[in-house]
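Protein chains: 2
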Amino acid sequence: MEFMTGVRKTEPLELSELLGDDYVGQQVKVNGAIHTIRHMGEVAFVVLRKREGLLQCVYEEGAADFLLKELKEAATVEVTGVLEKEDRAPGGRELRLKSVKILSLPDAAMPLAIAKWKLHTSLEAKLNMRSVSLRNVRERAKFKLQEGLVRGFRDFLYAQGFTEIHTPKIGAKSAEGGSNLFRLDYFHRPAVLQQSPQLYKQMMVGVFDRVFETAPVFRAEKHNTKRHLNEYTSLDLEMGYIEGFEDIMAMETGFLQYAMDLLKREYAKELQIWKVTIPKTDRIPAVRFDRAKELVSEKYSRRIRNPFDLEPEEELLIGRYFKEEYDADFVFVTHYPSKKRPFYAMDDPEDSRYTLSFDLLYHGLEITTGGQRIHDYQMLKEKLEKRGMTEEGLEQYLDTFRYGMPPHGGLGIGLERLTMQLVGEDNVRETTLYPRDLSRLEP
Amino acid sequence: MEFMTGVRKTEPLELSELLGDDYVGQQVKVNGAIHTIRHMGEVAFVVLRKREGLLQCVYEEGAADFLLKELKEAATVEVTGVLEKEDRAPGGRELRLKSVKILSLPDAAMPLAIAKWKLHTSLEAKLNMRSVSLRNVRERAKFKLQEGLVRGFRDFLYAQGFTEIHTPKIGAKSAEGGSNLFRLDYFHRPAVLQQSPQLYKQMMVGVFDRVFETAPVFRAEKHNTKRHLNEYTSLDLEMGYIEGFEDIMAMETGFLQYAMDLLKREYAKELQIWKVTIPKTDRIPAVRFDRAKELVSEKYSRRIRNPFDLEPEEELLIGRYFKEEYDADFVFVTHYPSKKRPFYAMDDPEDSRYTLSFDLLYHGLEITTGGQRIHDYQMLKEKLEKRGMTEEGLEQYLDTFRYGMPPHGGLGIGLERLTMQLVGEDNVRETTLYPRDLSRLEP
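Line by line, the protein sequences are chains A and B. Residue 44 in my numbering sits at position 44 of the first sequence, and the numbers go up by one each step. Residue 294 in my numbering sits at position 294 of the second sequence, and the numbers go up by one each step.
Fair warning: there could be bad hints in the mix.
Mimicking EDC-like on lysine to aspartate or glutamate, the simulated pairs with C-alpha atoms at most 20 Å apart in a straight line are [unchecked claim]: (1) K173/A <-> E221/A; (2) K173/A <-> E442/B; (3) K269/A <-> D247/B; (4) K101/B <-> D376/A; (5) K101/A <-> D247/B; (6) K144/A <-> D155/B.
Because the hints were derived from the structure by calculation, they are not lab data. If you're wondering where the values come from, they're calculated on a predicted model, not measured in any experiment.
Generate coordinates for the entire structure from the input sequences, incorporating the hints supplied.
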């Protein structure tokens, strides 16, 4: 009988092992994909692509027991050679090739010059050939940073006593209803894809006090802009026993501080590749919605067209204002108009035209919507009635409040938008692995 | 201007703070939901439910500045009192109540006796009233253990050099095709919900070498059994540069070892609540599919009806056999018949009726399917042709191989099934927050 006893250390070494001093001067085995081959007369540089970066190998005629022409770009190989220090090579290491074992060969020449530092290719082409274009080291680095953000979200919240939940994406009814729902047939019953885990995470506050979820959400919106997706990853949290919606903004600030520290600690290489300037998170200004509109109207001589709505250009100007006046990368805009918020939002008891809610702008783009929710059963029923909404399909949601719920609130963060602003891309599709939009359903 | 500077420490204390010695004899504030009130004549026990557990409070007439009747079960409160040591109370602490601030009141009496240790309620009723039934401390503990498992999966894989990815759930085509797909209208185009991230995670192996995803998958199967769900959380990984499919089984063994350690370290309370016996993960036997069938046929005098299929009862017997003969909780069954595996599975070069694949059984239930995949472009095209499958919709997937791919493989773990086997439930709906099955689309 064979037994599995755990992860096996394999003989080929990883890049981080090669960059230390342990193996200099020694014969080692390394595997990877042949990223590029540069012929220089008697010698050739064969660059291996590994998950941690690139390794320069040197092929010298006579020194190796194989012919250079056996190697092909995009082949995957296991090579043996002697590791040497070489200041001009990436990472300061170079491998003098002795022998090779071909693991796999490509069937065609690469359609994109992935070995160039910047991939000079249209967004369309990049997305059509995602599994090739992301082999470019700079392109793939965006998604390592994205990993750092979602990982930071979870690790921070575990430490803050949150419980991770998994709520269903197929349902009979969704949080905000309306026209932006994808509809499907569920064993001959009409069903929708959830546009948000909103109702579920609220229901779970009565169980776990603090919950979070990192999962896809689906919006059938017919927007075709640089900042909209029809499917995206939402970082959601919901917390009970709050004293006010400021507690939720404070929690998000804490997350951002934690995430930026994590990036600096564990993703320094990727930050460097994108020359990311870590945004300031120590003091994030919070400004009322109506006041923010006034401030940008005054400073940039812009007429307020609709006092109850915020246009994308106004968001940009608010971002600019707070960068200029306070050197702030983020700004919380609070007290959004009640009309613009869903039924479950808590109205401001001092002025019910506004809500105890907020958006977070990052360099002038909304990356978060959050706020306090109604926790009183009767107040919730009245709000539904006032909006002319039916209770049908909301029975179990409403019952949750009937049987007692603490004051609570939460937020949702768009992961792809947060990544986009961090690296400074100008289209959210650039920071989405496989974007879904009005025209794109493949690959 | 107001500024957010990070998480604010609130005055009310958490249970873990109260269980230490720092606050004994002191006046403290605590918030929570009133789990139950037990009247004992002159005094009453008011038990608060908090996210970390229960806190016993004592109400004594004259000692408190409020009347007992002001308190109601399911109300949420912030109480002030003096903390005392009390061996008979849960956690050895008791709070002598002085004053109360009511945060919220319920609108109706609780429909379930959630304060009982075991909730004697049908599964149907529990699921219909999920946000109430999970307020039972034992019920909710299952989902903390579930959190520990998914958290362990991610933390282990980050450390093993895997990159986390987020692949789209709406697509034009899915991995295995066939009849078990939910279909929807995507802006007047036919689309499906992904039954697995299979094709995407393979495509990303060419980019990141090692990837994982923890996300929902959707299966329109008309099974109505205790182990099937139509939507579940799949823990998926895919890794390149493997020497054989044993590397994948070794990685899964490593994950299980890590996860069980994490549970013991961070989820001891929940393990205790469910009296979980941690399964053995140090040596997991691996047995060939055909050999496993023979072994149980011999030992339990069971006729082999179909040599190329494994019935659920056979899985149970394999689990029993390895428990009896090797005291094993898990067993890898390897070399599944090619007919039973999808087109991308790598056939065994020594006998192409079988594949280089495996299932992992936990106490006789399949919780994982995995294996080595075809990485050669021509071999993949031939397999598609042999199966009479079209390449339509698979263009970008196939191109990935055309431009070179390392030998690779991976697996998918059903999170709800893994949780079910760990706590010893007999229906996977018991370990699913909001199950979706043939008849259940709500709540």
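Checked hints:
| no. | hint | in the structure |
| --- | --- | --- |
| 1 | K173/A <-> E221/A | 17 Å, holds |
| 2 | K173/A <-> E442/B | 8 Å, holds |
| 3 | K269/A <-> D247/B | 28 Å, violated |
| 4 | K101/B <-> D376/A | 16 Å, holds |
| 5 | K101/A <-> D247/B | 19 Å, holds |
| 6 | K144/A <-> D155/B | 15 Å, holds |
Checked against the numbered hints above, the structure violates only hint 3.
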